Structure formats: structure tokens, C-alpha cells
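K.L.:
Now for the letters of each chain:
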Amino acid sequence: MNKNMRILIVDDFSTMRRIVKNLLNDLGFTNTAEADDGTTALAALRTQPFDFVITDWNMPGMTGIDLLRAIRADEKLKTLPVLMVTAEAKREQIIEAAQNGVNGYIIKPFTAQTLEEKVSKIFERLAATA
Amino acid sequence: MNASVSPERAALIQRLHEALDALERGDESAMRAEIDALAQARTRPLVQGLGRLARELSQALGELPQVPGEDHRNAELDDACARLDHVIEMTEKATHRTLDLADECRSLVEGLRAEGVTDGQDQVLDRIRHNLTEIALTQSYQDLTGQIIRRVAGIVRKVHEGFSELGLPPQEAANDSFLAGPAVEGLDRHAVSQVDADALLSDLGL
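Chain order of the listed sequences is A and B.
Residue numbering for the first sequence follows the working numbering, beginning at 1053 and increasing consecutively.
Residue numbering for the second sequence follows the working numbering, beginning at 8 and increasing consecutively.
Since the hints were derived computationally from the structure, they do not count as laboratory data.
As the structure is a prediction and not an experimental result, all values here were calculated from the model.
Treat the hints with care, since some could be wrong.
Said to hold, decoys possible - Covered by chain B, according to a simulated footprint, are these stretches of chain A (three or more residues, beta-carbon under 8 Å): (1) 1058 to 1070; (2) 1081 to 1093; (3) 1162 to 1173.
We put the CB at the ideal spot given by N, CA and C, even for glycine.
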């Protein structure tokens, strides 16, 4: 796994963005950027190169699921791995995210270990299918 | 029938009889008057109840303590939703302060390590660093409680709007994109755990 990969953290709560960023730093990923909803995230993704997106679901403006749909519908972005980190814990929502092509799903509150496991799993899977 | 029938029930029986009599003798206006009287008797407790609820709600909102603070805008926090938004702001500030301090402690730990420590001390520093990570992660409560507060604020807003419209209870807005937010233990039964989510995703080929 490339520790220099550029990661976009999307959450409307600045505290949560900071917590995810700190955890990623602990895991050795220091090349991160932040966005506070799907709209600003999409604008960033279309103007700068990113390797990975970690997004919340419930945000004002564009939600995380709409961001995921927009990424999968965009010719240049469609293969970008997306990890959803959200308080939404209904089966239907997890299924909806999976059907829209999410690469991983973490339910808040989560542990540092869960984040590490899911990130590793996503990149192991991508390496296996590449 | 029953001898110990309540006065309300007796009145209802009498009205129904009178309405039936009027119908049978073809007196439509008398029948309508009886039906109207019945409808009024049925809705009066409902209207009274709603009126009482509306009064109690506005009293409760009026009685909430003013939020102290250096900002003059605080004096204008005249509705419950603004107070709840203020709670989100306060917890956000406090959370950032905690995260600042945790960050500072982490660099102090690394500074100490760089100066050279024994193996035993190194293990203690690892432990401290781990705890600082856990402290930071625990601050995610601010996001989760914030989401719950926003939901409650939305409900209060709806109740308020409902009461102001002709004293009717608020209508449930049909909204397909409704998100439940963080599950509250003992209240929400919809939630699944990370283990359930993993099993589900694995079934879905992820």
C-alpha cells in the first residue's frame, strides 16, 4: 500500500475530519485533504489528483451517497476507491451503498483498528483485482 | 344495557337516538344538527388537548435558561433550535480544544523519545501515545451527538410549525431520503453492528 497516496476526507463535522486525519497520520498516511460536503469534495476531485476518498453519508448539500454516485458516473473518477464512514447503520443503507459501488463501510463510532483493517482490506482487494 | 353508564356515554346514546329519530321522520336539518353536535363533542377534547400542548411547549421553550456567553448574539437565542445549535457549537469548540491538547502531548512524547529513553520508558511512551489516540477518537462523540441534536431540532421545528397552522398536529413530510442518524440505545432498533455490516457486505461480495 502506497503510504504517500493522496486521501480526501469528507465530513460536515470539522471534529470528525480532524479525528480521521489524525488516525490516518498514525497509520502513516500524511497526504490528506478535507472537504465539508459532497459538492466541495467533487470540485476538489475534479481539479486535483486523489487516490482514495473517505466520506460521511449524512451531510448538508450533497450527501455521501450522492457523492459516491457522482464519482462512479464520472469517466475520470469512476475507479476511485471510496470508504464510507457513517452513523447510518440500517441494512438498507449498507445495501444501497454497496449497490452504488462503495469499497468499504464503517459505522460510527469506530475504533482505530477498524479503520486500519478496512483501509488495508480495500487496497489488498484492489491489488488482487489489478 | 348497563346501569352504570358514564354521562358522556349516556349523552352519546341520546344524541345517536335523536339523530336516528330525525333521520327516520325525514327531518334532515335536525339530523344534521345532531351529527354536528356529535362531531363537535368528539373533537373538543382533541382541540383542547392540542391547545394545552401548544401552551406547554411555548412555556417550556420560554423557561429554558439563557445561554451565557461573551457573544451578544447569545441574547437573541430565543428559540429551542438556536439553543440546540449553540450546544453543537460549544461541544465543537471543546472538542477542538481537547484535540489540540492531545496533539501537543503527542509531540511532547515524541520529543522525549528523541532525547533518548530506556526500554521501559519507551514502552510507557508507547502506552501514552496509544491513549492519546484513544482520547482523540473518543471525541467523535461530538459528531454523533451533534447529528442527534440536529434531528431533535428538526422535530421541534416541525411541531412548532404544526401548532401555528390552525392548531393542527404537524403532518409527517413524505421524504424518501430520510436518514435515521446515529442509533440511540434503547430507542432505535433499526441499527446493525459493524460485525453485522461486515457480514452483509461480505454477502454482497465486498
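K.L.:
Now look at each hint and say whether the structure bears it out.
P.N.:
We went through each hint and held it up to the structure:
Figure legend: the stretch 1058 to 1070 of chain A, annotated as covered by chain B; annotation consistent (6 residues with Cβ-Cβ distances under 8 Å, at least 3 required). Counting residues of the stretch 1081 to 1093 of chain A whose beta carbon lies closer than 8 Å to any beta carbon of chain B gives 0, which falls short of the minimum of three for the stated coverage. Closer than 8 Å: that is the beta-carbon criterion, and the stretch 1162 to 1173 of chain A has 4 residues meeting it against chain B, so the requirement of 3 holds.
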